[in-house]
Structure formats: C-alpha cells, structure tokens
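Visitor: Listed below are the residues making up each chain.
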Amino acid sequence: MLDPTSPLKDFGDHLASPPLPVELKGLVYDTGGKRVINDANATIRSRRITGIMGPNGAGKSILLRLMHGLILPTNGEILWAGRQMDRAIGHQQAMVFQRPVLLRRSVAANVAHALGLRGIKRDKRAICVDEALRLAGLERHAAMPARVLSGGEQQRLCLARALSLEPNVLFLDEPTSSLDPASTLAIERLLLDAQRRGIKVILVTHDIGQARRLADDVMFLHHGRVLEHQDAQNFFDHPRSPELRAFLSGGLVL
Amino acid sequence: MLIHRRWILGLGSALLFASLTCPSFAAEDDFIIVQSTTSTQNSGLFDHILPKFREKTGIDVRVVAVGTGQALKNGRNGDGDVVLVHSKPDEEKFVAEGWGVKRHDVMYNDFVIVGPASDPAGIAGLTHADQALGKIAAAKAPFASRGDNSGTHKAELRLWQKTGIDPTHASGEWYLETGSGMGATLNTAVGKHAYTLTDRGTWLSFANKYDFKVLVERDPALFNQYGVILVNPKKHPRVKAEKGQAFVDWLTSAEGQKAIASYKIDGQQLFFPNAPPGT
Amino acid sequence: MTDFIDAFRTALGLIVTLNPDLVEILLLSLKVSLVAVVIASLLGFAIGGALAVYRFPGRSAVSAGLSALMGLPPVVAGLVVYLLLSNVGPLGVLQLLYTPTAMIIAQVVLVTPIIGALTRQACEDLLEEYDEQLRSLGASPSAIVTTLLWDGRYRLITAVLAGFGRAIAEVGAVMIVGGNIDHVTRTMTTAIALETSKGNIALALALGIVLLTIALAVNASLLWVQRFANRLAYA
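Chains as they are written, first to last, in this note's numbering: chain A, 1 to 254; chain B, 1001 to 1279; chain C, 2001 to 2235.
What the hints contain is simulated information worked out from the structure, not anything from laboratory work. Quick caveat: nothing in here was measured; it's all calculated off a predicted structure. It cannot be assumed that every hint is accurate.
[To be verified] Pairs of lysine-lysine, DSBU-like flavour, derived with a Cα cap of 35 Å:
1) 1052(B) x 1088(B)
2) 2031(C) x 1056(B)
3) 1192(B) x 1264(B)
4) 1213(B) x 1235(B)
5) 1209(B) x 1088(B)
6) 1213(B) x 1192(B)
7) 1102(B) x 1235(B)
8) 2031(C) x 1073(B)
9) 2031(C) x 1088(B)
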C-alpha cells in the first residue's frame, strides 16, 4: 500500500510536451439514432489537469473517446496544436477506463504487453515494467494474476501501465468512482505526479471534491454541449449557468 | 516476445509434421495397389496368399477393398495398379474401353443362399437358385441384397432375371437393399431374419451367423468367376506396370494358383484356381 | 449382452498383452489425428482470430459458412480430398492417395472449421471486453488477434479438444482417402468398421473401448495441464 507521506520517485528526467491547445470545433456525434454530442466547442490551453464534469448521459465518456480517437465524430473536428487527430498523435496518448481492463496474465506481464505493443525492446521493457510497478506500489504483486488484485490495485495498475508508455496526454474516465478513499488518494497522487512531469491530464469525474483537489480548469457538459469552461476557482465559486449551479448544489439536472 | 513464441511454435509443428509423415514419403516404392472387393478381403484369402508373393518378389501388395463398381471406377482413375474383381462382363468392358491391358481368369468360388433356420419360404435343399428366389418372392420373405453394383449384386440380379421377377418394386418392403459390403449386408440379414446371397468365403469366415444356415448351393448358376487386370499404363503413366504385371503373372502361375488352392477355412477350400495353363 | 461382456474381456486381453496389431493401429490413429489437430489448430486459430477482429465485406457470410462447415460429414470431406488426390485429380501427381498423409489432410479439412468457429466465438467474446483498451494502447489488428488468442487460451484448449474428439472418432474420411490398407492406413475406426463387417462384433466393440479409453486419456491430460497452468497463475 502506498504511504501517502512518502515522496514519490521520479520517472526519470523525461518531460512530456503535449500538443496544446486542444480545440473542439463544432463536434457532433450521433449513435443509435441519438445525438449524444451536440455541437461541442471548447479550447483547452492549460498544461495542468483539466476536469470534465456533468450529469449522467451528458456525453462525457463519448467526448473523451472522441478526443482519444477511439471513435470518429459525425461532424466537426478536434485539433491538437492546430493538427487534426491522427495515428501519431494517438500514439502519444493513453487512457484509463472506468473499469480496469486487464489481461489474463500476471501484473508484470500486463505492463510488459502494453510496452511490447509500442515496440519497446525486451531489455528496456523489463526496466520500464519495474519502474511502473514501483510507482504504483505493486512491485510485490508482480507475478500475481492481475485479475485477482483488488479494485483499487487494478486501477493503479491500469494507470501505471498507461504512464509506462510515456504519453503526452492522459485521459481518465471516472477512474476512482468505485474505489475506496485510500485507493482514490493513491490514484490522485499519481495524477499529480504525472502533471508535474508535463503530461496533460484530462479527467472525467463525478466527484466534485476530486475536481476541486486536482483540476486547474473544468468543463461542464450538458446534453452534449459544453455549457461552461472556466478555471477551477470560478467554476466552483461563480457558476454562470443555472444548470451548473443546480449540479454543484447536488440537485438533479434534467 | 510474441514473435519469438510464434516462430518456435510454427517451426516446431512443421518439424513434427515432417517427422511423423515423412516415413510415408521416404517409404520404399516397392508396393502396388490392388483394387479388389470386400468379399474377397473378408474371406481372408489375401492374408494367406500375399505374404507368399512378398517373399518371392519383395513387392508389398496393398489391397483397397471396395465394391466391384468402385474398384473398376478407381481403376479407370488410375488410383490402383491392378484390379481383381468378379464381374466378367464389366471386366471385359473395362479392357475394351482401354482402361485395362488384358483380362485373365484367376479363380472361382461359389455363391450360396443363406437364411434363418426357420426357413419361412421353404427353400432348403433346392438345386436351382432362381427357383429359390422365386419362392422367396412368392412368400414375400425378407431378402437382403447388396444393392451396391458389386460382383455379388450383379450375380444376384442375373438370378432374378431368370425368374422374371423384378424385386426392386418391393424395395423397402421384403426386398432390402443395404448398399453395403458383404459383411455389413450379412449383419443386416441376420438382424432382420432375411435370406441373402453371399459368397461362400465371406460366409465361412463370418462370425455373426446366429442360427443361419446355407440353404441353397452348388447350382452352376452360382459359380463366381474372378478376373485380374493390369491397369493400362498408356492411360495412366504413373501405374507401376512392371510390378503390377509381376503380380498378375504370379497369380496365374502354377505357384500362385497353388497358393490360392491351399487357402482353407475349417478344412474347406474356398477358391478354385482356374487360370488357363501357360498364361 | 454376451457381446458386451466378451468385448470387455477381449479389450482387457488386447491391452494387457500389448497386442502388436492393436498397438500398430492405435499409434497410426493417434499419429494421424494428433498431427491433423495441430495443423488444424494453427489454421483455425488464425482464421478464427482474424474473423473476430478484422472488418471486411462479406465477413458475416464467411463466419456463417465456417460455422456451417462444423457439420461437414466426414465422408464428404473424404470424398472431396479423394477427388483432389486421385490420379485424375489436380493433385494426383503428389501420389498421396492411400497414405497416412492423405488421411491427415482429410482430417485437417474436417477439424479446422470446428476450431476456427470456436476460436472466432471466443475472440469475439473477449473483444467485447478488450476492444477499446487494446485500441487505446495502439494495438494493430494483428496484435489484437495474438493478444486475444493468448488470453483466451483456456477456451481454445477446449476447442482443440473438440477438434481432436472429432478427428479420432471419424471413419468416413480416413476410409475413403486411406483405403483401410492393412499395416499402412488401417486406423482404430476403420478396423472397427472392418471387424463389424466380418461379424466380429465383440472384437469391434473391444477396439471401440480401447479407442474411448485413449480419447479419455488425452482429454484428461489436457485438462490436467489446464489446471496445473491455472495454479501457476496465468503466467
């Protein structure tokens, strides 16, 4: 278990250089006869953690997948430092899903497999795996089957796996929504550490407290539209739209 | 790492495959394939005479036992070096059409009509086979036919022709066409308490007789002539003409004929060599 | 009833004395079916994995066709291979007819659809869980296939066992392409057919019992391997 007070070791001197700003221009996404993303527009300039919030069904997960290139927009475009989304940009990104997705292999093998996919050679792979597991506090579990870990441990592993790929951008889709506070804290520490190393973190979260703790700027999504996008302070203390006000005060936003 | 595993797996299986099947490739070429009939094989004749041929010439004879029709068809395809069946008209046609070099008489055996001990059609002891068949048809007693275009089947049909009755009208009622080899047909006959025409050889070595007996025999019409033919190498260059001819020659030679005559079950001789001397 | 009792007694006698004829046909049966299953597995894994992952026009038709071929009658498979290998067929020059190699080919034709269809199903099921994550990690379609195949290895073992069961038990294909030639292409199943046609029912049954025992042994050992590997925990 990670000790919250012990200093985190660095991953080396590698500083990421994410292609910013990210621009969402007139994004539209239809699926199953429904328009899930309905003309979303936003520009993300901050190099620190961006939060995306909104009621269920607002389209947050879809938006994340659009930005990561897992699905293609029906209309509109996403620009990274002025460039359209392509394979090269996608290769510099990583994503952690709401539920941890791990292969039926050992903890170490899961990380090694991801590194292998990126073409990292065997010898370097072993070192990266060790560092990733150490960072996540899972080095003692290296040989265990990944799927017998606890929920929190599995999610830490997914995050460590993502970080081992040295991405420029890291997407997370409500990574701690089903985790206990200790695991949540461990994940958040890893995210702050990632941010320190220059990685652009875009985090969908349901947890207002988490957003306050981590986010530098926050986006509010509602019915597939970006209703508000402000720096964290103003977002929480001076919401402009009635929907956001309702959301922040805990009401149901229809 | 994934690539390495795949390579090893692929290489390993290729080697495994090669090592296990190569013997077939590298095997001595010293064999011929003889297309013959199930009744001949089931009688056990080949097990008796082929080792003698092997000893003399070193040639291994591999027998593929199917029905006469299939044996001749396989011969036409060149999927055999020699054909040894018992249906003279078809054999002569085979040679006339150029698929075989020359037809030689080899031996004869005889057919018998067997049936349940209860003998519902009362045919026991009759001297004329066609008479017996006529009584079976009249009594509508169950009769199992090969129904497979084999030598035995054709012999049976020739007997029906003599009676003037066409049993195929009753196919599925009392006339049962099994479309199978002699052994399978005998199994069916025994199971259904049906009469059937069988060669004596298969009958003697058949182990599932139940209470069946030989009811009609020794009618000259039940005489069954075997012929051997070399598949024509002009039509199928891959035929092992030399070795095949060696087998044909041996079968019709005094030595081969003696080997055939010496095959007995329970002291009874099954096949009677009758190749013309000097062939 | 006596046939059954005789059969068991005969079977025991054959096994205990290691009857050389029995050993010969047993080894041939195993050799043919095992080699066929290995080849069919390599083909089936590749086809099944590719069908699950790659998108191309006509994909569902190919999938349906593969599943339908699981029900290919062995005798038909034998006929098709026979026509190919016959001296008047396109591959006649290889002179493979009436050899164990021909029998292996026929059984590969028979078993590949089974392993392929079951592999496809296993991979599709896994893909539901893994698709997004693997694409996020930047896996190419071929990398996804190999990942799924390894991850689904236990289901694939079952598919292989199903294929082996089919191969070791069939008689139609090996009879036609092999010719049931004594000491060359006579397997357990063709021997059983032959003894049955000679009326040696008890002996035929005895051979059947031996065959079943061997098939049981193969299944049991593979399941043991599975459990052992399980304990070594997915490494």
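Visitor: Each hint needs a verdict: does it hold in this structure or not?
Guide: Taking the hints in turn, this is what the structure says about them:
| no. | hint | verdict |
| --- | --- | --- |
| 1 | 1052(B) x 1088(B) | holds, 26 Å |
| 2 | 2031(C) x 1056(B) | holds, 32 Å |
| 3 | 1192(B) x 1264(B) | holds, 29 Å |
| 4 | 1213(B) x 1235(B) | violated, 46 Å |
| 5 | 1209(B) x 1088(B) | holds, 29 Å |
| 6 | 1213(B) x 1192(B) | holds, 15 Å |
| 7 | 1102(B) x 1235(B) | holds, 14 Å |
| 8 | 2031(C) x 1073(B) | holds, 30 Å |
| 9 | 2031(C) x 1088(B) | violated, 41 Å |
Violated hints, in rising order: 4 and 9; the structure is consistent with all others.
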